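Participant: Chains as they are written, first to last, in my numbering: chain A, 672 to 898; chain B, 672 to 898.
Wrong hints could be hidden among the right ones.
Which copy? The list can't say, so a pair holds if one copy fits it or any two copies do.
[Unchecked claim] Calculated lysine to aspartate or glutamate pairs in the EDC-like style (CA-CA distance at most 20 Å, straight line): (1) 719 / 853; (2) 821 / 807; (3) 759 / 825; (4) 821 / 747; (5) 881 / 754; (6) 674 / 729; (7) 880 / 864; (8) 880 / 890; (9) 880 / 754; (10) 814 / 825; (11) 719 / 729; (12) 759 / 807.
Because the hints were derived from the structure by calculation, they are not lab data. Small disclaimer: the values here were computed from a predicted structure and weren't measured.
Number of protein chains: 2
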Amino acid sequence: MNKNAVVLLSGGVDSATVLAMARSQGYNCYCISFAYGQRHSSELVAAKQVATVLGAVEHVVINLDVGQFGGSALTDPTIQVPDYTGSKNIPVTYVPARNITFLSIALGYAETRAADHIFIGASTVDYSGYPDCRPEFMAAFEKVANLATKVGVETGCIRIEAPLINLSKAATIQAGLALGVDYSLTVSCYQADTTGLACGRCDSCMLRKKGFTELGVADPTRYIHGT
Amino acid sequence: MNKNAVVLLSGGVDSATVLAMARSQGYNCYCISFAYGQRHSSELVAAKQVATVLGAVEHVVINLDVGQFGGSALTDPTIQVPDYTGSKNIPVTYVPARNITFLSIALGYAETRAADHIFIGASTVDYSGYPDCRPEFMAAFEKVANLATKVGVETGCIRIEAPLINLSKAATIQAGLALGVDYSLTVSCYQADTTGLACGRCDSCMLRKKGFTELGVADPTRYIHGT
Numbered sequence: 672m673n674k675n676a677v678v679l680l681s682g683g684v685d686s687a688t689v690l691a692m693a694r695s696q697g698y699n700c701y702c703i704s705f706a707y708g709q710r711h712s713s714e715l716v717a718a719k720q721v722a723t724v725l726g727a728v729e730h731v732v733i734n735l736d737v738g739q740f741g742g743s744a745l746t747d748p749t750i751q752v753p754d755y756t757g758s759k760n761i762p763v764t765y766v767p768a769r770n771i772t773f774l775s776i777a778l779g780y781a782e783t784r785a786a787d788h789i790f791i792g793a794s795t796v797d798y799s800g801y802p803d804c805r806p807e808f809m810a811a812f813e814k815v816a817n818l819a820t821k822v823g824v825e826t827g828c829i830r831i832e833a834p835l836i837n838l839s840k841a842a843t844i845q846a847g848l849a850l851g852v853d854y855s856l857t858v859s860c861y862q863a864d865t866t867g868l869a870c871g872r873c874d875s876c877m878l879r880k881k882g883f884t885e886l887g888v889a890d891p892t893r894y895i896h897g898t
Numbered sequence: 672m673n674k675n676a677v678v679l680l681s682g683g684v685d686s687a688t689v690l691a692m693a694r695s696q697g698y699n700c701y702c703i704s705f706a707y708g709q710r711h712s713s714e715l716v717a718a719k720q721v722a723t724v725l726g727a728v729e730h731v732v733i734n735l736d737v738g739q740f741g742g743s744a745l746t747d748p749t750i751q752v753p754d755y756t757g758s759k760n761i762p763v764t765y766v767p768a769r770n771i772t773f774l775s776i777a778l779g780y781a782e783t784r785a786a787d788h789i790f791i792g793a794s795t796v797d798y799s800g801y802p803d804c805r806p807e808f809m810a811a812f813e814k815v816a817n818l819a820t821k822v823g824v825e826t827g828c829i830r831i832e833a834p835l836i837n838l839s840k841a842a843t844i845q846a847g848l849a850l851g852v853d854y855s856l857t858v859s860c861y862q863a864d865t866t867g868l869a870c871g872r873c874d875s876c877m878l879r880k881k882g883f884t885e886l887g888v889a890d891p892t893r894y895i896h897g898t
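Let the sequences and hints guide you as you build the complete structure.
Facilitator: Spelled out as structure tokens, the structure:
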């Protein structure tokens, strides 16, 4: 059995948990992260540490200058990252076509590493309104991935694995803790500073906080104001 | 009516023809090219000239370091570009997941430019055996594009246009000449030198030569050996 997998690793809670899950299932994990002009580039430092601690075979960082397109608060310094509001609309932190781009590049990486499983930490629970985190997107991507590639055409075996798709942040953290994930290494904040200190106010910070609170365990996140 | 379109522009015969077609249909064209570690980077110089001459609104070049993955004669200097054999197998010039990656990045670009049509010069005739040039791939990509993006979810209007999909190289050149395309500006060769001189022996050169020959018009390609 081919036990190689590619894991999309952002450096946050979700992808660290997914990497731990893939490792626990016996996969040799090839991790991929993206420097795409995001404000919170300290997440890449976190990703590197997480990959090492969780025993990835390899960790590559792809430079992708899509920030030049603009159109997102995560990549355009003229658009402010909003405080958490709980809105179900697609937020300004949406990056146009981000997950399809990341998955496509991961697919090429997977093909060169004889990996037919690609893991991604997307979730529709505690939903931030991103269209490319939904199961119907994952299913459609899996279909096109098997048409787009040599390995897909020859075997039809490419699978997109999104094991958190129906898990709340609390359930994700619970699963990760059971697998020994050290969440103090991870960075979630959309505008974390260069040392990884979190703002405590953006959507991503609030969802992370809520997860630890619901689970009733200590939040190891380092906040700018110590809160 | 929204008349903005993104056009994938490699600098070769096909994409130049597609740009001319989109312009003739009244689209404001936003062109995108990729520096992905290909041997034949002179095609990017050609793409820039073609975009200017055919009246593109904008031309962006995305640096994409997927060459580090290896696995293709186009991006790995240790794998030789083969001479043309006419084989129908997927050749070593196949770049893993190239078209799905290019289309995904083009999709994000399109979303920021209010363009819902994306043009690509893929063809199944004079077929080089690439899985990601087939109509079933284009249809599946169009479907996932409408699930992956804010504009797709809100309007369902994203369309992938592959107007050459059923055209031979000769028919493509004929269509382009009718629209005034100057093919002396284009570079097709997989291993063109830095000035755009073509080898005359690889799959891409042979298909281009065959097109001009079948059409009975002079081939303006500049070959290394003057042939």
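Participant: Each hint needs a verdict: does it hold in this structure or not?
Facilitator: Okay, the hints, checked on the actual structure:
1. 719 / 853: Within one copy only: 13 Å inside a chain, 48 Å across chains, cut-off 20 Å.
2. 821 / 807: between (24 Å within a copy, 14 Å between copies)
3. 759 / 825: between (41 Å within a copy, 14 Å between copies)
4. 821 / 747: Intra 36 Å, inter 17 Å, cutoff 20 Å: inter-copy only.
5. 881 / 754: within (15 Å within a copy, 60 Å between copies)
6. 674 / 729: Answer is within: at 14 Å inside a copy they meet the 20 Å cutoff, but 44 Å across does not.
7. 880 / 864: within (18 Å within a copy, 56 Å between copies)
8. 880 / 890: Classified as within; 7 Å inside a copy, 65 Å across copies.
9. 880 / 754: Within. Shortest intra-copy distance 14 Å satisfies the 20 Å Cα cut-off; inter-copy 59 Å does not.
10. 814 / 825: within (14 Å within a copy, 22 Å between copies)
11. 719 / 729: within (10 Å within a copy, 36 Å between copies)
12. 759 / 807: Within one copy only: 18 Å inside a chain, 34 Å across chains, cut-off 20 Å.
Going down the numbered hints, you'll see the structure goes against none, and every one checks out.
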